[in-house]
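Number of protein chains: 2
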Amino acid sequence: MGSLNNGHLDSDPEDDKEVDLELRRAVRELLEGMGEDSGREGLRRTPLRVSKSLLQATRGYRQKVKDIVHGALFPEVGLRKEIGQAGGAGGLVVVRDLDLFSYCESCLLPFRVKCHIGYIPSGHRVLGLSKLSRVADVFAKRLQHPQRLADEIASALHDSINPAGVAVTLECSHIYIPNVESIFVDSENRGWLEVVVSAGSGVFEDRRSDAWIDFVNLRKSRGPTVNGQRTEDDICEYWCPLVATDPSSIEMLYPELTALVTSIIRSLGENPVRKELAGTPARFLKWLMNFQNASLQIDLGNLDICPLDPSRPKRGENGHTEHLDSELNLPFCALCEHHLLPFHGVVHIGYIHAQGSNPPGRSLLQSIVHFYGFKLQLQEKLTRQIAETVSPLLGGNIMVVVEASHCCMISRGIEKIGSSTATVAVLGRFSSDASLRAKFFQSIRE
Amino acid sequence: MGSLNNGHLDSDPEDDKEVDLELRRAVRELLEGMGEDSGREGLRRTPLRVSKSLLQATRGYRQKVKDIVHGALFPEVGLRKEIGQAGGAGGLVVVRDLDLFSYCESCLLPFRVKCHIGYIPSGHRVLGLSKLSRVADVFAKRLQHPQRLADEIASALHDSINPAGVAVTLECSHIYIPNVESIFVDSENRGWLEVVVSAGSGVFEDRRSDAWIDFVNLRKSRGPTVNGQRTEDDICEYWCPLVATDPSSIEMLYPELTALVTSIIRSLGENPVRKELAGTPARFLKWLMNFQNASLQIDLGNLDICPLDPSRPKRGENGHTEHLDSELNLPFCALCEHHLLPFHGVVHIGYIHAQGSNPPGRSLLQSIVHFYGFKLQLQEKLTRQIAETVSPLLGGNIMVVVEASHCCMISRGIEKIGSSTATVAVLGRFSSDASLRAKFFQSIRE
Numbered sequence: 001m002g003s004l005n006n007g008h009l010d011s012d013p014e015d016d017k018e019v020d021l022e023l024r025r026a027v028r029e030l031l032e033g034m035g036e037d038s039g040r041e042g043l044r045r046t047p048l049r050v051s052k053s054l055l056q057a058t059r060g061y062r063q064k065v066k067d068i069v070h071g072a073l074f075p076e077v078g079l080r081k082e083i084g085q086a087g088g089a090g091g092l093v094v095v096r097d098l099d100l101f102s103y104c105e106s107c108l109l110p111f112r113v114k115c116h117i118g119y120i121p122s123g124h125r126v127l128g129l130s131k132l133s134r135v136a137d138v139f140a141k142r143l144q145h146p147q148r149l150a151d152e153i154a155s156a157l158h159d160s161i162n163p164a165g166v167a168v169t170l171e172c173s174h175i176y177i178p179n180v181e182s183i184f185v186d187s188e189n190r191g192w193l194e195v196v197v198s199a200g201s202g203v204f205e206d207r208r209s210d211a212w213i214d215f216v217n218l219r220k221s222r223g224p225t226v227n228g229q230r231t232e233d234d235i236c237e238y239w240c241p242l243v244a245t246d247p248s249s250i251e252m253l254y255p256e257l258t259a260l261v262t263s264i265i266r267s268l269g270e271n272p273v274r275k276e277l278a279g280t281p282a283r284f285l286k287w288l289m290n291f292q293n294a295s296l297q298i299d300l301g302n303l304d305i306c307p308l309d310p311s312r313p314k315r316g317e318n319g320h321t322e323h324l325d326s327e328l329n330l331p332f333c334a335l336c337e338h339h340l341l342p343f344h345g346v347v348h349i350g351y352i353h354a355q356g357s358n359p360p361g362r363s364l365l366q367s368i369v370h371f372y373g374f375k376l377q378l379q380e381k382l383t384r385q386i387a388e389t390v391s392p393l394l395g396g397n398i399m400v401v402v403e404a405s406h407c408c409m410i411s412r413g414i415e416k417i418g419s420s421t422a423t424v425a426v427l428g429r430f431s432s433d434a435s436l437r438a439k440f441f442q443s444i445r446e
Numbered sequence: 001m002g003s004l005n006n007g008h009l010d011s012d013p014e015d016d017k018e019v020d021l022e023l024r025r026a027v028r029e030l031l032e033g034m035g036e037d038s039g040r041e042g043l044r045r046t047p048l049r050v051s052k053s054l055l056q057a058t059r060g061y062r063q064k065v066k067d068i069v070h071g072a073l074f075p076e077v078g079l080r081k082e083i084g085q086a087g088g089a090g091g092l093v094v095v096r097d098l099d100l101f102s103y104c105e106s107c108l109l110p111f112r113v114k115c116h117i118g119y120i121p122s123g124h125r126v127l128g129l130s131k132l133s134r135v136a137d138v139f140a141k142r143l144q145h146p147q148r149l150a151d152e153i154a155s156a157l158h159d160s161i162n163p164a165g166v167a168v169t170l171e172c173s174h175i176y177i178p179n180v181e182s183i184f185v186d187s188e189n190r191g192w193l194e195v196v197v198s199a200g201s202g203v204f205e206d207r208r209s210d211a212w213i214d215f216v217n218l219r220k221s222r223g224p225t226v227n228g229q230r231t232e233d234d235i236c237e238y239w240c241p242l243v244a245t246d247p248s249s250i251e252m253l254y255p256e257l258t259a260l261v262t263s264i265i266r267s268l269g270e271n272p273v274r275k276e277l278a279g280t281p282a283r284f285l286k287w288l289m290n291f292q293n294a295s296l297q298i299d300l301g302n303l304d305i306c307p308l309d310p311s312r313p314k315r316g317e318n319g320h321t322e323h324l325d326s327e328l329n330l331p332f333c334a335l336c337e338h339h340l341l342p343f344h345g346v347v348h349i350g351y352i353h354a355q356g357s358n359p360p361g362r363s364l365l366q367s368i369v370h371f372y373g374f375k376l377q378l379q380e381k382l383t384r385q386i387a388e389t390v391s392p393l394l395g396g397n398i399m400v401v402v403e404a405s406h407c408c409m410i411s412r413g414i415e416k417i418g419s420s421t422a423t424v425a426v427l428g429r430f431s432s433d434a435s436l437r438a439k440f441f442q443s444i445r446e
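For the record, the sequence lines run as chains L and X.
The first sequence begins at 1 in our numbering and counts up by one.
The second sequence begins at 1 in our numbering and counts up by one.
Hints are supplied without guarantee of correctness; some may be wrong.
No copy labels: a pair is met if it fits in one copy or bridges any two.
[As the list claims (entries may be wrong)] The calculated EDC-like cross-link candidates involving lysine to aspartate or glutamate, where the alpha carbons are at most 20 angstroms apart (straight line), are:
(1) K81 <-> E388
(2) K439 <-> E82
(3) K114 <-> D99
(4) K52 <-> D67
Since the hints were made in silico from the structure, they are not lab data.
Could you build the full structure based on these sequences and the hints that come with them?
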């Protein structure tokens, strides 16, 4: 199977430098193909950042499993067979809840992996526990499909530690890919699609075996990590939402850009003609073009609304002439202009609703959120732009809170998986009235 | 304050090599001081691993904040002051739930940090979001106290991005330090002590300011991350459980080993005579010596128990002459012999209880767990040793499951924070009867 020595690229520093320069050039041209000015201050260093993070994200092509396992098999005698199984002779070991990130071979976007690995040692040797995670990461840091990832982890471990068997279960979450036509249906989901896959070798090959049942029981013994609604080995042939799209129309529309993405895949150490990668450049472009400058139009001219007058004096708080109103949890997905990776989350808009006024409905506010969301963006700028746009429609006293997860924060570099970012814009009375802000924060939490 | 250019060591590769060799020598001598054979296979590469991970864990001494912030301030115009605050002109930004690890200056053990950072941009510039985490990590990767860590993060960010203000809240969890005399009181706690600290600069200096209240509200808006039982700014002068111990007796008992730990601190780039570090070598040794070879004695000779006969034939399942019994959640804390870092968790023991027999009580089983726990260990070996020892006391048909968190997996290197490891040993009927094992797994989950 050759996975032990799998390393497509040599690590010659000169080669690395050339690959980096090629990637930067390709990213710069992609930005221009999207209608962006790649020389503007916010984008100037984007090619450098994207190249660096792409190389990090696919470092598995340049790593060898044997270098990781080497020297990490430790003596542990175990028990004599007639007494029982333990330690280095038959004692099941399960490492649970390893957080990894991998990259979808169908669309190049990152996917989250909650990884569980079990093995049964034989030959009076056990593997250093962290090596299970490191070996899994070698295969995660490539362009992958969940099932292949599970298979490769299981067989690489089997080959290198020679155990009675290896069991792998992966809970994979693919980023949901919104497009201009679709509004997120499920904002609770926060943009992830999930499948569960498994692989087993040796005594774990048969899912009905006692060994596999022990693995499942032990994996879950700290609580049900696998959601009840999902089944193991969900069919995930079409798990990437973009697989269903026909690449040929995109390829005809953007032949040069398709060639650029193909060259990026080659630079990373992959073979772009591998059959699973055939439509990948087109699918990546389809996704990317969602965020093309000015691909979405918004017309606020013909709105049937009656904007409030921001200069109107405030009435008594119990006069019921006005009250705090809000639209919460408007979903969005934007593209981080520093890393070309999505950030997604929700927008909350608070405003002072005066009696008799007719503020715009949720769907218009959602359209405004989408208009500024489907772009190369910064969360700070997005927040400000939404605030500037909705303010005249809502009477000038408004507050916008944006809460988002950034793929660039969680899938590469710092890998802060649970982190999220919140930003605020305040206009009119919300700028000066802290108790009004507190009231709005309270309504978000409820 | 100088935090921008703080870097105690030059990065001359020759120096680095020398530091590495010094650290390895010191660790080898420490192992021998604990009564270990540093040449045995399991320990041979421990000095190398510990040196590497200590250098990683304290890399903050060799990093400069200005190198991180450089080039990551991006233009964002914000709003005119008279309209409101947003983006690069007054728009509050909060990055929440950054998982970091730091190292206690009182005892050298790692502590977990859930970090929340807010700042209010000014001057039409915003900082790349990941830089907040990277700057925090520079100070986390040093020997720290929670309050100083918060202060250093806040002032380094304030100095380098020149905002209206910076706010930092840290939820810190110090590993609970068991000793031979103490049994874990709270197994739910799984060995962590918690404090919450804060720091603020500029508009966040006053905790009663509107800015601070907004920060607190925004930090929590995704759900209460700060536990209700803790208050902000818990007094944490004595948060390290070892601070209360008198270092002088340890220093008298182990003068050479104290000198070794002092030399390690110096090698890492710290000043061992800084007043907060005065008793640190002794405290570290006090903790380490808990795991000294054979520091605990166990005597199974005089037990008032009636061991079962493993050769006794099995009765009918409904005959009620025997049933599955168990002792669950026996806490333990061991020292990983590969990294000299603790792993801690719980042991579950299942056995066949025959009518009329008198199995040993929980306290004896707990003593056995402690006996094998307070050592340089591997989880696999610990599981097997406990199984071998309890088997004759419990009739020979037994199963041991150990569930543990490994500091070496979560605080350094792979940093798999949510991960845990489960190991199993089975003897007698548990080896061959999968449904019996499943029944025991079920009882663990309940």
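Here is what the structure says about each hint:
1. K81 <-> E388: between (74 angstroms within a copy, 13 angstroms between copies)
2. K439 <-> E82: Neither: 69 angstroms inside a chain and 23 angstroms across chains, both beyond 20 angstroms.
3. K114 <-> D99: For K114 and D99, both the intra-copy (5 angstroms) and inter-copy (17 angstroms) Cα distances are at most 20 angstroms.
4. K52 <-> D67: between (23 angstroms within a copy, 17 angstroms between copies)
When each numbered hint is compared with the structure, a violation occurs for hint 2 only.
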